[in-house]
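Chains R and V supply the protein sequences, listed in that same order. Quick note: numbering that gives the first Met the number 0 has the first sequence finishing at residue 186, numbered continuously throughout. Quick note: numbering that gives the first Met the number 0 has the second sequence finishing at residue 244, numbered continuously throughout.
One should not assume that every hint holds.
[To be verified] With a Cα cut of at most 16 Å, we get these calculated EDC-like pairs of lysine to aspartate or glutamate:
(1) R/K171 with V/E4
(2) R/K183 with V/E178
(3) R/K179 with V/D8
(4) R/K183 with V/E38
Hints were generated in silico from the structure; no laboratory data involved. Predicted, not measured: the structure shown is a model, and the values here were computed from it.
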Amino acid sequence: MSKSNNWPEVKLIEALSKGGTLREQATYFLINEYVHYVPVVAKKTGLAQDLALDVYTDALVDMMGQVANGTFKGESKLSTYLYQIFFFKCIDLSRKNTTNTIDYRAELPEVPAMEPSFARKMEATEAVGQLHKYMDVLGEPCKQILLDWGFWGYNMSEIAVRVGLEDSLQVKDRKYRCLKKLRKLME
Amino acid sequence: MSRNENINDIIDDYHAGEIPGMDFQKQLKTDAELQQEFELYQKDMAVIRASAKVQLKEHAALALSNNGRNQNAVFPVKWIILIGAIIVLLVAGFFFYHKYGQPKTSPELYAAHFELLPPSNDRSNSNPTDIWQAAMADYANQDFNKAIEILKPVIHQPDFKYAESGKLYLGLSYMMVNENQNAIDIFGEISAESSFVPDAEWYMALAFLKMNKIPEAKAALQKIVEQPKHFKQEEAGKILSAMGH
Numbered sequence: 000m001s002k003s004n005n006w007p008e009v010k011l012i013e014a015l016s017k018g019g020t021l022r023e024q025a026t027y028f029l030i031n032e033y034v035h036y037v038p039v040v041a042k043k044t045g046l047a048q049d050l051a052l053d054v055y056t057d058a059l060v061d062m063m064g065q066v067a068n069g070t071f072k073g074e075s076k077l078s079t080y081l082y083q084i085f086f087f088k089c090i091d092l093s094r095k096n097t098t099n100t101i102d103y104r105a106e107l108p109e110v111p112a113m114e115p116s117f118a119r120k121m122e123a124t125e126a127v128g129q130l131h132k133y134m135d136v137l138g139e140p141c142k143q144i145l146l147d148w149g150f151w152g153y154n155m156s157e158i159a160v161r162v163g164l165e166d167s168l169q170v171k172d173r174k175y176r177c178l179k180k181l182r183k184l185m186e
Numbered sequence: 000m001s002r003n004e005n006i007n008d009i010i011d012d013y014h015a016g017e018i019p020g021m022d023f024q025k026q027l028k029t030d031a032e033l034q035q036e037f038e039l040y041q042k043d044m045a046v047i048r049a050s051a052k053v054q055l056k057e058h059a060a061l062a063l064s065n066n067g068r069n070q071n072a073v074f075p076v077k078w079i080i081l082i083g084a085i086i087v088l089l090v091a092g093f094f095f096y097h098k099y100g101q102p103k104t105s106p107e108l109y110a111a112h113f114e115l116l117p118p119s120n121d122r123s124n125s126n127p128t129d130i131w132q133a134a135m136a137d138y139a140n141q142d143f144n145k146a147i148e149i150l151k152p153v154i155h156q157p158d159f160k161y162a163e164s165g166k167l168y169l170g171l172s173y174m175m176v177n178e179n180q181n182a183i184d185i186f187g188e189i190s191a192e193s194s195f196v197p198d199a200e201w202y203m204a205l206a207f208l209k210m211n212k213i214p215e216a217k218a219a220l221q222k223i224v225e226q227p228k229h230f231k232q233e234e235a236g237k238i239l240s241a242m243g244h
């Protein structure tokens with residue numbers, strides 16, 4: 000993924016909100032641009048760098064979701080917001096084994112206190128490593144179709160081009176079959 | 000369209016943001032089948048998101064590794080710039096040293112410091128000899144060979160009243176026709192009691208410089224430097240410094 004150096008804040012927010020190619024490019028841009036937070040925060044919080052990298056990715060995905068659903072209102076810079084989420088998540092993790100956990104969202108002025116969603120509860124109870132394996136078992140092109148649709152927000156016509164299917168209807172049909180397969184794996 | 004397809008379409012529309020969240024929530028509360036399907040959708044999304052995070056983490060790890068490499072690369076670049084700057088300074092220093100700072104060659108120093116003594120106009124004597132007047136006239140006209148011709152035979156004559164000053168002007172005339180050793184010899188003959196000794200010492204030192212006789216020139220200049228009242232003490236010191244003494 001090429002890294003664009005020309006991502007004004009407004010464009011980034013717009014890209015993350017819209018989905019598709021722009022969201023993908025903006026996401027990789029953010030990863031590249033702020034990955035240097037990882038060693039800094041890892042050092043501050045005493046987390047292993049690999050673990051901090053997990054949290055960084057997690058924070059980024061959280062931020063993407065908040066930008067997309069309008070929770071993020073642009074009162075701070077995306078980079079600041081990402082750093083805050085990342086930092087508090089790291090602190091939270093570093094205290095995980097104690098009862099003294101903190102709710103990082105309380106420290107973020109823009110983020111209202113949210114009830115964890117069903118999916119979040121699921122992610123919290125199942126090891127993330129286990130979840131992604133279901134996708135690996137699905138194989139291609141199911142994995143790409145589901146990622147393009149579910150994570151990047153490509154529409155069916157765009158996915159058709161990306162995976163080499165004829166049209167959006169084929170993609171839609173394929174997606175349902177892939178989801179069915181995935182659900183069977185998770186039973 | 001079957002009920003299942005209809006539910007999936009509703010969820011797809013919700014996923015694509017085509018149904019307002021509030022409307023969807025209302026629908027969820029009243030539609031048990033939709034609720035059931037939505038729970039499955041959320042599970043699907045958790046798996047998809049987990050898979051995406053793995054991909055993003057791989058990319059982040061790579062970016063972090065590249066970032067580290069770039070940061071490391073910064074140091075060599077900084078070092079290269081630093082070394083480059085040092086080399087430029089050294090080259091510039093070398094250039095300026097050679098251009099301005101290096102001790103000048105003896106002939107250069109001679110040329111920079113030599114000033115021809117003006118001809119003597121002996122007003123104390125109302126009747127200067129014809130020989131002396133003729134010699135000074137030739138000297139003034141820069142006809143140094145003629146001045147030498149006149150002065151050389153007379154300076155050792157006991158009755159020549161301008162013997163000491165004559166030796167000085169003869170020596171200068173020798174210098175001007177580039178017979179520097181003769182000049183040095185004649186300067187050396189000037190009586191230690193003569194008031195022309197400081198001039199003779201100075202021009203002798205310059206004659207050594209002109210001949211590129213460095214040790215002799217330095218010794219002659221050092222002799223001047225050691226005389227606090229010598230009229231060329233400071234200048235002799237400067238020449239010695241310029242010679243790297």
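Evaluated hints:
1. R/K171 with V/E4: With a Cα-Cα distance of about 11 Å, the restraint between R/K171 and V/E4 holds, given a limit of 16 Å.
2. R/K183 with V/E178: violated (116 Å)
3. R/K179 with V/D8: Measuring from Cα to Cα gives roughly 15 Å; hence the hint holds.
4. R/K183 with V/E38: holds (15 Å)
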